[in-house]
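Enquirer: Chains as they are written, first to last, in the numbering used here: chain A, 1 to 279; chain B, 280 to 584; chain C, 585 to 1012.
Since the hints were derived computationally from the structure, they do not count as laboratory data.
Among these hints, one or two may not hold up.
Distance condition first, Cα-Cα at most 20 angstroms in a straight line; then the derived DMTMM-like pairs of lysine to aspartate or glutamate [what the hints assert, rightly or not]:
#, chain 1, residue 1, chain 2, residue 2
1, A, K169, B, E342
2, C, K986, B, E353
3, B, K447, C, D829
4, C, K932, C, E909
5, C, K875, C, D829
6, C, K986, B, E358
7, C, K986, B, E302
8, C, K890, B, E342
9, B, K447, C, D611
10, C, K875, C, D947
11, C, K890, C, D690
12, A, K169, B, E302
Where chain C lies over chain B, by a calculated footprint (3+ residues, C-beta under 8 angstroms) [stated by the list, open to error]:
#, stretch
13, 422 to 429
14, 533 to 541
Between beta-carbon pairs, the in silico distance windows are [as the list claims (entries may be wrong)]:
#, chain 1, residue 1, chain 2, residue 2, range
15, C, F700, B, G347, 51 to 59 angstroms
16, B, V438, C, D821, 14 to 22 angstroms
17, B, I486, A, I11, 23 to 31 angstroms
18, A, W66, C, R891, 33 to 41 angstroms
19, A, W66, C, M654, 23 to 31 angstroms
20, A, T24, C, T630, 47 to 55 angstroms
21, B, V348, C, R925, 53 to 61 angstroms
22, B, K577, C, R891, 49 to 57 angstroms
23, C, R912, B, F329, 52 to 60 angstroms
24, B, P297, A, A117, 27 to 35 angstroms
Every residue gets a Cβ at the ideal spot worked out from N, C-alpha and C, and that includes glycine.
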Amino acid sequence: MNRSRTIRKAIRRSAVLALLLAATGIFTLPFIWSLSISFQPPGDVFSWPIELIPDEFTLQNYRRLWTEIPFARWLLNSGGVALAVTLANLFFDALAGYAFARLRFPGRNLLFALLLATLMVPAHVTLVPKFMLLNALGLVNTYTALVAPAMVQVVGIFLMKQFFESIPKQLEEAARIDGCNRFQVFWRVVLPASRPALAALGIYTFQSNWNEFLWPLVVTTTSDRFTLPVGLAMFRYEFRVEWTMLMAGAVLIALPTLIIFLVFQRLFIQGIATSGLKG
Amino acid sequence: MSEAMSRKAGPGRPADMPERHREAWAAFFFLSPGLVVLSLFVFGPLVFIFVVAFFDWNLFRPEQHFLGVANFVELAGDELFFTALRNTTVYVLGVVPAQTLLALLLALAVNQNIPARGFFRAAFYIPAITSSVVTSIIFLWIYSKPGLLNYVLSRFGIVGPDWIGSPKYALGAIMALNVWSTSGYFMVAFLAGLQGIPASLYEAARIDGASPWARFRHVTVPGLKPTLFFVVILGIIGSFQVFDQIYMMSAGGPVNATTTLSYFIYNSAFRYFRFGYAAAAAVVLFAVILLVTRMQRKIVRPEAP
Amino acid sequence: MSRIMPLRAIAVFIAAFLFGCGRPDSDSIRLTGWIASPIEENLTRTFIDTFEQRHPGLPVRYEPITANYMDKLLLMLATGTAPDVVMIEAFWIPLLVEYDVLLPLDGFLVRDPGFFPDDFEPMLLDAFRSNGALYGLPKDYSTLALYFNPAMFAEAGLAEPPRTWEEFAEYARRLTRDTDGDGSVDQYGYSHAEDLEYSLPFVWQNRGEYLDAQGRAAFGEPAFAEALGFLQRMKTDGIAVMPSDVGAAWNMDAFGRRRVAMAISGFWAANFLNETHAGTPYRAALLPAGKKAASVAFVAGYAVPKRTRNPDRAWQLLRYLTGREGGRIWVKSDVGLPARRSIALESKIERDPLKRVFLQSLDHARIWQFRVNQRVLDETQSVLQAIFLTGAAVQSTLDDLKRRVERGGQFHADVRGHESQSRSGPPR
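With the hints as extra help, turn the sequences into a complete structure.
Expert: Below is the structure:
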């Protein structure tokens, strides 16, 4: 009886593994193929049979990316904006999260519920008024327009609040007894103890801002302000577009988030996991 | 934030505010930067959209005219708007169940006692963290007439069309792309949910003689209800926002087959410069989401077992 | 993160992004344009260098927009952030004049006799006139002609390009072949394109119109439908394709990949073919004629946005870009034919076999310009997609379009209560 159970279990395990491997193929092959195309010489990427390993291996697509289009500038824009937004979020989201976690004030629950409710609002609903505001301030096509609206995220506030609530209160109470005001407690005691959550939030924010497309598309007009996704999207519509160069660009855009993900995988996923799964 | 000198409470101080007031003031300072930014860029616009929708507001014209509900009346007679509504409905009804189911299946599979779970988890998750521009470019090639999909199909003797260039298949192709790219994200959510179900419940059920299927039905499913609620709601909100792929791959076509509500709003505002009209469509989008999430609440109640 | 960065450093970094970098110096003249080819871009930069040498104290900032040019330019014009001199196609002049975002140039011309505006080809200069004033100056132009592959023609036993619609269809039939003997057709006679401008020559040749003299919809008329029907039949007969059918990005890409023997395009396509599909032989011919000959002319030029802060400086740059000297330099970029007759004579374009075709087409060409808003154009394009991609019935689809975009005889207004004055000038 037990033998057959074990055998059935083993069969089930292998079946699951086989399925998973097949699924892995479907999920990763597109990336692998784009990598392959990025190393092919321009010309026909369309000849059949389609080969995974390129016959001719060349780096010219990557080189042309840097020389023929302002890829470097777009990279700088993406990096700078994402970094500024991440740092701002780390600070402001933690501040607000701490208030919701530890401070009592009238209307706290209502305000928090209101904040959470805004998560249900799709980006396109507020797109036009946001643009009109920035336009009225004369800030269209500026870095301010790219950074300011993203400096505080409700998801971040939520994440930090959840985490702060899980810190034992004794640390803070001890600091208060020692005479620290609330900000000092926050800055000197709570924040240093929150490094995992801050790291998770930082990574999550950086990655999502790096990939941001709609808002930079709408708010930037000249090429020197484009972020990487917008720049590459514009490039796709040029009539002399080369697939091989497009793929090379795609690979380069995906590379930073991929590396960050692989290195900090656990933190990454922890960020998602704590951002509200328990209800 | 001032680095105030530490103060000691006690007699001799001028009339102190009660502790609760000080706490509320502290909260104010902690919250104000965040609230200022959120008011400017989230709350404010959310309110303002309801104002703009009632005006004739063209970015090129200096005056704005109050129109009453004329924008909404025009929307009601706009065939393209209804096409957008229809396409969005098809999209949401197709993508949300598919990605939820796929995410659940993947999570169940990965949760089994198999080697290299981290590897599988990463593999499925990577599309979710990759820029939509990147995945659009890759799938533009895959879906093209001489692309990878048709090549694979040709091995089975099937001649595929240019998928994005066919009015019949373009929306479905983009739907498939989105299921592919977001399932991993929700798989992680389900994984966490699965791991939150106490093993003791499974033990108890097994001792009671429950079959694997019964264990699934009576332990797993109820335990996943909160996660399911979360996944479905986020999935719905996300699918109403689909835009990047449409902009990158099909420009709303061909023959408006991939024009969704979000794309309609974008075009009305930034291609036709009719901000008031776009705002009216945005108000409709908002109303639809409220309706749908309310309905969803009734169907999948979020309370844990 | 092992240490939390000092607060001040973070604040400075963020502030730098929020308030620092990014404000253009208001002294430079800002210029924008699209980039039709790397050669043109390099020429532009050389241009700017020589201009700055000639006019010390007038620095120029070149801010090209690589793609989706009009989307971005329109946004800049609407938000008052457009550069001082903008490259623009004549197509947009009526709409922009109606939006009142361009500066009339007549005043500058009057005070600048050394500019010789009479030197411009009259039709091209008129394309930039609206409501009696001049709002831009032409740089170069191109008409539409028929590109054909002489090697494929020779293989099919054809010596000359087609001259009539009947010949066009007949040749396309003979050029649709299975060249590698595997049983399936891999070469087609003709690749069409879904944009209106590629069907328009056929419409005009059939004595049809897109808009009538009052600017109202004329595409519901039988002449228009007939022209489209002719093209649609070629597709359903399998002798013509759309670019996506053969995995090409646009019709000249299909031609360059040697999937089709004929395709219609402008002079700009030659650069594309030379660069991207250097092995494909090509020649150009006048478009095959229907009831009469007709072609479409695209004119590119420069204009000055009304909200420029330096109108006089903008004029200095503009007159240099479109002056005689400028014309001589632009001719070298080979993206279009020169708008100035003196330059055309000087550079002897009638001797160049390719350019000669486009020059000759000008005789029976009309400017690509309609006073109609973008939504109507987009709807028209959807209808053309329906006709060419799904084989929708031509007349009923056009009637449907007419119904959808018309409100009381005028076009779908972009400003309610201020119906778009869609009364364009008489079609030329």
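Enquirer: All hints are to be evaluated individually against the structure, with a verdict given for each.
Expert: Comparing the hints with the structure gives:
no. : hint                                : in the structure
1   : A:K169 - B:E342                     : violated, 57 angstroms
2   : C:K986 - B:E353                     : holds, 17 angstroms
3   : B:K447 - C:D829                     : holds, 14 angstroms
4   : C:K932 - C:E909                     : holds, 16 angstroms
5   : C:K875 - C:D829                     : violated, 30 angstroms
6   : C:K986 - B:E358                     : holds, 13 angstroms
7   : C:K986 - B:E302                     : violated, 66 angstroms
8   : C:K890 - B:E342                     : holds, 18 angstroms
9   : B:K447 - C:D611                     : violated, 54 angstroms
10  : C:K875 - C:D947                     : holds, 16 angstroms
11  : C:K890 - C:D690                     : holds, 14 angstroms
12  : A:K169 - B:E302                     : holds, 16 angstroms
13  : 422 to 429                          : holds (count 4)
14  : 533 to 541                          : holds (count 3)
15  : C:F700 - B:G347: 51 to 59 angstroms : holds, 55 angstroms
16  : B:V438 - C:D821: 14 to 22 angstroms : holds, 19 angstroms
17  : B:I486 - A:I11: 23 to 31 angstroms  : holds, 24 angstroms
18  : A:W66 - C:R891: 33 to 41 angstroms  : holds, 35 angstroms
19  : A:W66 - C:M654: 23 to 31 angstroms  : holds, 28 angstroms
20  : A:T24 - C:T630: 47 to 55 angstroms  : holds, 53 angstroms
21  : B:V348 - C:R925: 53 to 61 angstroms : holds, 56 angstroms
22  : B:K577 - C:R891: 49 to 57 angstroms : holds, 53 angstroms
23  : C:R912 - B:F329: 52 to 60 angstroms : holds, 58 angstroms
24  : B:P297 - A:A117: 27 to 35 angstroms : holds, 31 angstroms
The structure fails hints 1, 5, 7, 9 (numbered hints given earlier, in ascending order).
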